[in-house]
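Protein chains in written order, with full-length UniProt numbering: chain V, 1 to 315; chain C, 1 to 284.
A hint or two may mislead.
[Stated by the list, open to error] Listed next, the in silico BS3-like pairs over lysine-lysine satisfying Cα-Cα at most 30 Å (straight line):
1) C/K254 - V/K173
2) C/K167 - C/K193
3) C/K6 - C/K28
4) V/K202 - C/K108
5) C/K46 - V/K173
6) C/K99 - V/K202
7) C/K38 - V/K173
8) C/K193 - V/K173
9) C/K25 - V/K202
10) V/K173 - C/K25
11) C/K6 - V/K173
12) C/K46 - C/K28
13) C/K206 - C/K28
14) V/K173 - C/K167
15) C/K262 - C/K239
16) C/K108 - C/K174
17) V/K173 - C/K93
18) C/K193 - V/K202
19) V/K202 - C/K93
20) C/K262 - V/K173
21) C/K28 - C/K38
22) C/K28 - C/K193
[Unchecked claim] Some chain V residues close to chain C (C-beta under 10 Å, calculated; not the full set):
23) I66
24) L70
25) L73
26) V77
27) A132
28) A138
29) H141
30) K173
31) A182
32) D184
If you are wondering where the hints come from, they were derived from the structure by calculation, not from laboratory data. Just so it is clear, the structure is predicted and the values come from calculations on it, not from any experiment. Built from N, CA and C at the ideal position, the CB exists for glycine as well.
Residue-level listing of the chains:
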Amino acid sequence: LSRIGDELYLEPTESGLSLRAVNSSRSAFASFLFAPLFFQLYEPGSAGPDTELFRCKVHMKSFLGIFRSLPSLEKSVGKCLILLKPRANRLVLQLHCKYGVTKTHNLAFQECERLQAVFDTQRCASRLCAPARVLAEAVVHFPLTLAEVTLGTCPGGKISLRNYVEEEAEPSKTMVTELWLAEDEFQSVAVAPGSHITFCLKEFRGLLSFAEASNLPLTIHFDEPGRPVIFTLDDTVLEVHLVLATLSDLESNSQSPSTNGVSHLPAPSDDFPDDLESYMVAMETSEGGLEGPHSPTFPLRIPRPADCEPEEEEE
Amino acid sequence: MRFRAKIVDLACLNHFSRIINTIAKLAKTCILRLTVCKLYFILSDKVANGGASMWCELSQGNFFDEFQMEGVAAEHNEIYLELVPENLSRALKTAQNAKAVKIKLTNKHCPCLSVAVELPSLSSSSRIVTHDIPVGVIPRRMWNDFREPSVPDFDVSIYLPALKTMKSVVERMKNLSNFIVIEANLSGEMNLKIETDLVSVTTHFKDLGNPPWASEDGCQSSAQDRDLESMAEACIDIKKLQQLLAGQQVNPTKALCNIVRKRIVHFILLHEEVSLQYFIPAVA
């Protein structure tokens, strides 16, 4: 959550305690819902007919500071109590440690409105579910500084991830990295063919490391470019949602498909010795002429006059 | 003009990656020259590099299982490309356990070196990652700018001390001064010196040994007449020296330097399959 925003929202509900964060540009939202069963004791307080359950937000850094060193916490802390009294002006976090030591932290908080992103996973046309490890191994090929990545589905059924090259970047100076995952690496694939979305990698990496640590499969719900992508993790006592805005096609319309957006090239074939070979042949031969249907959302690529020394590479 | 190559052996791949990492630490942009038998990484001594230049040469047969190259023309069967070695380094970084790596010269939105890495996966088909690294093709008329530099007419040639030791000495000196003086004599002694208003530090190395260069008429034959004790020194940019030493990931088989008094220091680092020469000019 700290990778997303500077403030931690605490919302107790009847179905559990929800911890949420949003980023300053409102393009990323995450919520972790801990079911009552997660806790030894869970009392959300009483909501009257006119009042809702109390909500507040605190500084992320202050909250994190209490749980700074996980290894030593695990060794010394027996219980942790989080207490919020409506008329109190501090959120109390109490760590009951070994040898009768109790550490009490009083955090200043602010009352706040309910923080909720508008999304509905049911309305997403596409859904992928994969073990976190597979996605983590995929993402490792992209530099840590990369801002955005494009997830796409290819004609051959493979799922691709490609670094997103911004409009302002010069194509002749930017390295393009693309990775393909076979359908059977996923636990489930239900995608609209030819679909793709571009989203911010940084927040996604944060969720990915949590998913890897908890060994939970990650589900990606997405729809058209511009509509948010929703990442979910589920287990018996925890429900996680990460909602990220995606680049709409309107913003990417002026770019040529070769620098941005899904590759309309056939994904690499499955024959072992020809895996790279035929793919690379296809890469080169499709430069001049396009194969497959033209995408309705991207302009046709206009072949540039040869302004650099070499001729078209032949194979 | 075409180029394609493939590496299947992991040890070769790791070795090649280490070489690229070293090059990436020395140059932001450099020239990759491809011939039928060899690859060269070249940095020419333009002002932008601070005058330093580099010549790194490796035999393709030691790394690649397949290597095919066709130059610009039959009589000029070579390819010169300008690239950012850091990109190549990044592409190879996550290929540590690859089944195969293919490198190819392609022409997409611009000339690119396309690196395709085939990775093992639990599924029936492999995972494939491709990296398209934009390159600039150097036209033949400019090839003369990138000829192999000749060994300068040096005053002293001496083997370097253990690079790890030299590196830690230079790194500490770098905190104190921007320039370092390297001096050595033909009796196997070398000093690294820095001097500022507040402090001067000298580290002395001895018993390093001097490489025997084949004597040619005129130049080296007067070595007998030279005073074996007299030091030849050059003051160079300490950062360049530190980059050279920090970039070495493997200990070279032979490491030596040639000093031309007050002009240039020429470093030669030889490994079994690759040789690296680095020239750092002396500052006034």
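Here is how each hint holds up against the structure:
This hinted pair does not check out: C/K254 and V/K173 have alpha carbons roughly 37 Å apart, beyond 30 Å. Distance restraint check for C/K167 and C/K193: the Cα-Cα separation of roughly 14 Å lies within the 30 Å cut-off, and the hinted pair is therefore satisfied. A distance of roughly 25 Å separates the Cα atoms of C/K6 and C/K28; the hinted pair therefore holds under the 30 Å criterion. Using a Cα cut-off of 30 Å, the hinted pair V/K202 and C/K108 holds, with the two alpha carbons roughly 28 Å apart.
As the CA atoms of C/K46 and V/K173 are separated by approximately 21 Å, the hinted pair is consistent with the 30 Å bound. Annotation: proposed proximity of C/K99 to V/K202 holds, straight-line Cα distance about 29 Å (limit 30 Å). Annotation: proposed proximity of C/K38 to V/K173 holds, straight-line Cα distance about 26 Å (limit 30 Å). This hinted pair does not check out: C/K193 and V/K173 have alpha carbons roughly 41 Å apart, beyond 30 Å.
With a C-alpha separation of about 26 Å, the suggested pairing of C/K25 with V/K202 holds against the 30 Å cut-off. About 19 Å separates the Cα atoms of V/K173 and C/K25, which keeps this hinted pair within 30 Å; it holds. Distance hint between C/K6 and V/K173 is fulfilled; the C-alpha atoms sit about 24 Å from each other, no more than 30 Å. For the hint pairing C/K46 with C/K28, the CA-to-CA distance comes to about 13 Å; that is within 30 Å, so the pair holds.
Restraint check for C/K206 and C/K28: the C-alpha separation of about 35 Å exceeds 30 Å, so the hint is violated. This hinted pair does not check out: V/K173 and C/K167 have alpha carbons roughly 33 Å apart, beyond 30 Å. Between C/K262 and C/K239 the alpha-carbon distance is near 18 Å, which keeps this suggested pair within the 30 Å criterion. Distance restraint check for C/K108 and C/K174: the Cα-Cα separation of roughly 43 Å exceeds the 30 Å cut-off, and the hinted pair is therefore not satisfied.
Taking the CA atoms of V/K173 and C/K93, the gap is about 20 Å. The hint holds against a cut of 30 Å. For the given pair, C/K193 sits about 46 Å from V/K202 by alpha-carbon distance, which is inconsistent with the 30 Å threshold. In summary, the hint linking V/K202 to C/K93 is supported, as the alpha carbons are separated by about 20 Å, within the 30 Å threshold. Proximity of C/K262 to V/K173 is assessed by CA-CA distance (about 38 Å); at most 30 Å being required, the pair is judged violated.
A distance of roughly 22 Å separates the Cα atoms of C/K28 and C/K38; the hinted pair therefore holds under the 30 Å criterion. A C-alpha spacing of about 28 Å is found between C/K28 and C/K193, which places the hinted pair at or below 30 Å, so the restraint holds. For V/I66, the shortest C-beta to C-beta distance to chain C is roughly 36 Å, which exceeds 10 Å, and the interface hint is violated. Hint on V/L70 is violated. Least Cβ distance to chain C is approximately 28 Å, over the 10 Å limit.
A cut of 10 Å between beta carbons decides the hint on V/L73: the least distance to chain C is about 33 Å, and the hint is violated. Because the closest C-beta pair between V/V77 and chain C is about 38 Å apart, greater than 10 Å, the hint is violated. Because the smallest distance between the Cβ of V/A132 and any Cβ of chain C comes to about 14 Å, over 10 Å, the interface hint for this residue is violated. Interface restraint check for V/A138: the shortest CB-CB distance to chain C comes to about 8 Å, inside 10 Å, so the restraint holds.
Checking V/H141 against chain C by beta carbon gives a least distance of about 5 Å; that is within 10 Å, so the hint holds. Hint status for V/K173: holds, given a least beta-carbon distance of 6 Å to chain C, under 10 Å. Interface hint at V/A182: satisfied, since its Cβ lies 5 Å from the closest Cβ of chain C, which is below the 10 Å cut-off. The closest approach between the C-beta of V/D184 and any C-beta of chain C is roughly 4 Å, which is under the 10 Å cut-off, so the hint is satisfied.
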